[in-house]
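S.K.: Chain by chain, the residues run as shown.
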Amino acid sequence: MRGRQVAIAALVASVTTVGCATTMAVSSHVERGLDFSRYHSFSWGPADALPKGDPRLDNDPFYKDHVLGAVEKQLAKRGFELTTTGAADLLIHYHANIRKRFAIDRGAQAYDSCNGANCPPETIAYEEGTLVLDFIDARTNRLVWRGWARNTVEDTLRNRDKMARRVDQAVTEMLKRLPPH
Amino acid sequence: MRVSRARSATIAALLLSASTTIGCAALTVNSYVEPRIDLRSYRTFNWAPADRLATGDPRLDNNQFFDERVRRQVERGLAGRGFEQTTDAPDLLVHYHASVSQEIDTRNIDREYEHSDAHEYEPQVYDAGTLVIDLVEARTNRLIWRGWAEGNIDGLIDNQESLQKQIDEAVAHILSRLPRQL
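Going down the list, the sequences are from chains A and B.
So for the first sequence, this note's numbering puts the first residue at 126; every next one is plus one.
So for the second sequence, this note's numbering puts the first residue at 46; every next one is plus one.
It should be emphasised that the hints constitute simulated quantities derived from the structure, not laboratory data.
Just to be clear, a hint being listed does not mean it is correct.
What the hints assert, rightly or not - Cβ-Cβ distance ranges computed for the label pairs, FRET-style:
1) A:190 to B:187: 45 to 51 Å
2) A:204 to B:221: 46 to 52 Å
3) B:226 to A:302: 52 to 58 Å
4) B:98 to A:163: 44 to 50 Å
5) A:165 to B:130: 33 to 39 Å
6) A:185 to B:226: 40 to 46 Å
7) A:185 to B:95: 26 to 32 Å
8) A:163 to B:206: 22 to 28 Å
9) B:134 to A:293: 53 to 59 Å
10) A:207 to B:134: 44 to 50 Å
11) A:190 to B:98: 50 to 56 Å
12) A:162 to B:134: 52 to 58 Å
Unchecked claim - Some chain A residues judged to face chain B by a derived CB distance under 10 Å, without partners named:
13) 156
14) 163
15) 166
16) 189
17) 228
18) 229
19) 248
All C-beta atoms, glycine included, are put in the ideal place defined by N, C-alpha and C.
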């Protein structure tokens, strides 16, 4: 019974915090008090050297194209202009990482198929992917905004269509958190 | 089919509870001092070159907001204890390292399951954070003091304000273990 309440609470939380019924967790950090209306243009900054945590994301042009495409589309909607020659106001780069995570599976309890001692919880391992977007003020070289989305990637790494949709959704949800521009 | 559905629902619930549950948990603070070292004989400090080590969490790797908050609090804390920051031949070089790892709390699993409210005897998974602050003698490049704080930071990284509070608290607790300079 309580398991079911938790499941319902989680469902409600997913609808209210993310805005649609997905399993994605999205958040961001921002430079407080900064007026984002000063930024009009962006270009892609050099990639960082941080560990990806997984060889399946290294040098994957499909993944890269989709991230770049999704960001460019969303930022164009918000009135930012992509600069390919000359100086832009913002440098953007992304970072993708996969790490092993654990969760407690209370599934059987949540579905009421058993209770108490008959179904002790199970520890399950899954792979969590994180996509991080960094916005850097090109003039000061300071980070002004970082957004990220986390989700399980078990069903996306081997399915390119699903991955493309997941990337679109991650970027869209993340950029909703950008300060008013 | 049903199992895998339940499983992804669990992952969903966990991801979300991690991002919505916020609260400052208890910190465990410790320090180590090199034998026969009198910390009162050091007066000045500066930052050592950053180590750029991975933190174990992509949200914190290379995160300038996090880095600046830690540095600001360390500088304030050291100043408050009478240490002076200088670029001119400092006595001490300071560096810090933060790491995040997922922990599974299994304390209750071995108890008898059926004699109690089942949910209180289930394992818990949470993100644990560790912040380490090192003081290195500049002249010899020897580590003379290390202080650290560890705690449950589940949900904190996703909330900038709570994370900052946790940083402030952790740094203050760690540095309170240093002697006050006269």
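S.K.: What are the numbers of the hints the structure violates, in ascending order?
M.R.: Checked against the structure, the hints that fail are numbers 3, 4, 6, 11, 12, 14, 15, 16, while the rest are satisfied.
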